[in-house]
Each structure stands twice: as C-alpha cells, then as structure tokens.
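Visitor: If you want the building blocks of each chain, they are given just below.
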Amino acid sequence: AQSVTQLDSQVPVFEEAPVELRCNYSSSVSVYLFWYVQYPNQGLQLLLKYLSGSTLVESINGFEAEFNKSQTSFHLRKPSVHISDTAEYFCAVSVKAAGNKLTFGGGTRVLVKP
Amino acid sequence: EAQVTQNPRYLITVTGKKLTVTCSQNMNHEYMSWYRQDPGLGLRQIYYSMNVEVTDKGDVPEGYKVSRKEKRNFPLILESPSPNQTSLYFCASSTRGGNYNEQFFGPGTRLTVL
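In order, the protein sequence lines correspond to chains X and A.
Heads up: the first sequence begins at 1 in my numbering, then just goes up one per residue.
Heads up: the second sequence begins at 1 in my numbering, then just goes up one per residue.
Honestly, the hints are just simulated from the structure, not real lab data.
Predicted model only: the values in this text are computed from it and were never measured.
Please note that a few of the clues may not be correct.
Ranges of calculated distance between the beta carbons of each label pair, as one might list FRET restraints [to be verified]: (1) A:Asp-56 x X:Pro-79: 37 to 43 Å; (2) A:Thr-13 x X:Leu-56: 43 to 49 Å; (3) A:Pro-107 x X:Ser-84: 15 to 21 Å; (4) A:Ile-77 x X:Gly-53: 37 to 43 Å; (5) A:Gly-40 x X:Leu-56: 37 to 43 Å; (6) A:Arg-110 x X:Val-11: 33 to 39 Å; (7) A:Asp-59 x X:Val-11: 23 to 29 Å.
Stretch by stretch, here's where chain X covers chain A in the computed footprint (C-beta under 8 Å, at least three residues) [claimed, not checked]: (8) 67-80; (9) 102-110.
Note that beta-carbon positions come from the ideal geometry of N, C-alpha and C, so glycine has one too.
Could you build all of it, start to finish, from the sequences and the hints given here?
Guide: Written as structure tokens, this is what we have:
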C-alpha cells in the first residue's frame, strides 16, 4: 500500500516571500502525484499533477513541483506568495495500476502574513 | 456549471439517529467517492463507486453505507451515527481513469454527532 507524508503541518510565511511544502511518498509500484489546494470553507481543487515526462510541473498561478524518484518526493514551491495563497495544501498519490484511489497526506496549512 | 453538490452543508445530530448526506454531480462522471477529513490525517476514503450499481469499501468504511442507483447521485448513509463520526465529509467525482484524471470535490458537509 502507498502512503504520503507531509512534513510540515503549518507554514507561516510573509507576503512576497518564497515557500516550500514538503511531500514524501512510499509505494512499491509507480505512482501518479498530485497537489490539491483547499481554500477556507471550500472543497479541494487540483493545483498540479505529475503523470510522466518532465519532472518539473507548473500550475497557472505560479506554483511548481518537482518529482524526485530517488528521494520519493514531490515538493511544492512558489517563489513569491500572495495573501490569496492562504489555504491548506494536500499532496496525494495514486497507483498506476489500481482504479481511481487517491491517498492523501495530512495537509499543510499555509498562512500568508502581510 | 460543472459541479458536485452536497447537502446538507452543516448537520448537528445525536447518537443513533439515522442520517443521509446527498451528493450529486452534473458531469456524467462514472467514478464517485466519499472522503472524511480529520485534522492531521488528511482525507481518507470511505467508499467509492466505479459506476452505477458498483460500490466498494475504501480505507474507513465502518459505520457507513452508500448506494449508486443513478449515475449522478451517490448518497452517504449513517445508520447509527456515533461521536467518532464527527468530521468534515467530501464527495468527489471523476471520469473513468480517475487515478490520473482530476477528481472534482463538493463543498463539504460538516457533521457533528453529539
């Protein structure tokens, strides 16, 4: 079975500063990797995903994540955050061979301060 | 507008009183799923359905039931709720092959069992 660990439960950061959210996974088979974002009082939305190909993936709002197979990591970064990036971020994996199951990490709450 | 809807959004009930949380999607998705979100644990899958009349247990199915009589609806039933089922519940849907496709989430149902 696969598992996901998000190493930081909360990350306070000042506006316009960079942020990195760490995600490590374990799986005995190949996986797809996702980051979902949950804004206050809303459901989750897909931020970006890695399926194959280039190990660096980007979102439309300036986030990027890099798949590192040797370190089994998929860390999320943004070079300059905005107040509107305040949210909870979830890393998730799914196994290529098995259905639609997503396994989520515990989440990282990002609080952007002015 | 493509969306997943859940009702009710908030519910306070008492131990043992049967309740149903409805979920509906208008995207003609084959796959639907229920998750519960608890602090520090991320989202855990309760039940999922690959298509009409096809349902299966997720990681935490105890105390829950589901049905999939129509493609668009996937209600979650708690026959005899207990306080440990106090949680935030999300319904999600995706196309077949949702392990690499985006899952679309509803806005959530916050349930308190006294």
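Visitor: Hint by hint, work out which the structure violates, then give me just those numbers in ascending order.
Guide: Going through the list in order, the structure violates hints 5, 6, 8 and respects the others.
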